[in-house]
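Chemist: Sequence:
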Amino acid sequence: MFERLISNVFEWLSNAVIASAQAEGAAAAAPAQNPLLSFLPFIVVFFIFYFLMIRPQKKRLQEEQSMLNALAKGDEVFTKSGLLGTIAGMSDKIVTLEVDAGVKLKVLRGHIAGKSTKVLEEGPSPKKEADKKTK
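Counting from 656, one number per residue, gives the positions in the sequence shown under the working numbering.
Worth flagging that the hints you see were computed from the coordinates, not collected in a lab. A few of these clues could be false.
[Said to hold, decoys possible] Straight-line Cα separation of at most 30 Å, DSBU-like style, residue types lysine-lysine; simulated pairs:
no., residue 1, residue 2
1, Lys713, Lys761
2, Lys714, Lys748
3, Lys748, Lys713
4, Lys759, Lys770
5, Lys761, Lys714
6, Lys735, Lys714
7, Lys748, Lys728
8, Lys748, Lys759
9, Lys770, Lys748
10, Lys728, Lys761
11, Lys713, Lys735
12, Lys748, Lys735
13, Lys714, Lys728
14, Lys713, Lys728
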């Protein structure tokens, strides 16, 4: 019985060795794959990532920078925190906003979100007006 077990194990190992040798021979006979072809999926993902994420972000940053460079004294602006005011003074990094008569705030130039002419022209949102009518 022990001899039969050893015989089966030996047969199984020899079959495994023969199968691996045949697989190596078949792989050697196959043409070699171009190494750049294995990187193709990564390259495609990078280009998709670039056109969907990086490029639009660069465009937004350029628009924001050009808006900040175009600011002038007297412009009505709003900050990223929601303050509305008129530019009373400017330096390289700090903008002085006049939010009410005699009330001036110093704000970092990078925290200006945009000119408030669009915000003031739009007026109250339709949702708020509908809420007032239902009450």
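Chemist: Indicate, hint by hint, whether the structure satisfies it.
Modeler: Here is how each hint holds up against the structure:
Between Lys713 and Lys761, the direct Cα distance comes to roughly 28 Å. Compliance with the 30 Å bound is thereby established for this hinted pair. The straight-line distance between the Cα atoms of Lys714 and Lys748 is roughly 22 Å, inside the 30 Å bound, and the hint therefore holds. Taking the CA atoms of Lys748 and Lys713, the gap is near 21 Å; set against the 30 Å cutoff, the hint holds. The suggested pairing of Lys759 with Lys770 holds, with an alpha-carbon distance near 17 Å, which does not exceed 30 Å.
Between Lys761 and Lys714 the CA atoms are separated by roughly 28 Å; this keeps the pair inside 30 Å, and the hint holds. Of the pairs offered as hints, the one joining Lys735 and Lys714 holds, with about 19 Å between alpha carbons and a cut-off of 30 Å not exceeded. In summary, the hint linking Lys748 to Lys728 is supported, as the alpha carbons are separated by about 14 Å, within the 30 Å threshold. Proximity of Lys748 to Lys759 is assessed by CA-CA distance (about 16 Å); at most 30 Å being required, the pair is judged to hold.
For the hint pairing Lys770 with Lys748, the CA-to-CA distance comes to about 17 Å; that is within 30 Å, so the pair holds. Restraint check for Lys728 and Lys761: satisfied, since their Cα atoms lie roughly 14 Å apart, inside the 30 Å limit. Straight-line distance between C-alpha atoms of Lys713 and Lys735 comes to about 19 Å, which keeps the hinted pair within the 30 Å bound. Of the supplied pair hints, the one linking Lys748 and Lys735 holds, its CA atoms being roughly 16 Å apart against a limit of 30 Å.
Simply put, Lys714 and Lys728 have alpha-carbon atoms about 26 Å apart, close enough for the 30 Å limit, and the pair holds. At roughly 27 Å between alpha-carbon atoms, Lys713 and Lys728 fall within 30 Å of each other, so this suggested pair holds.
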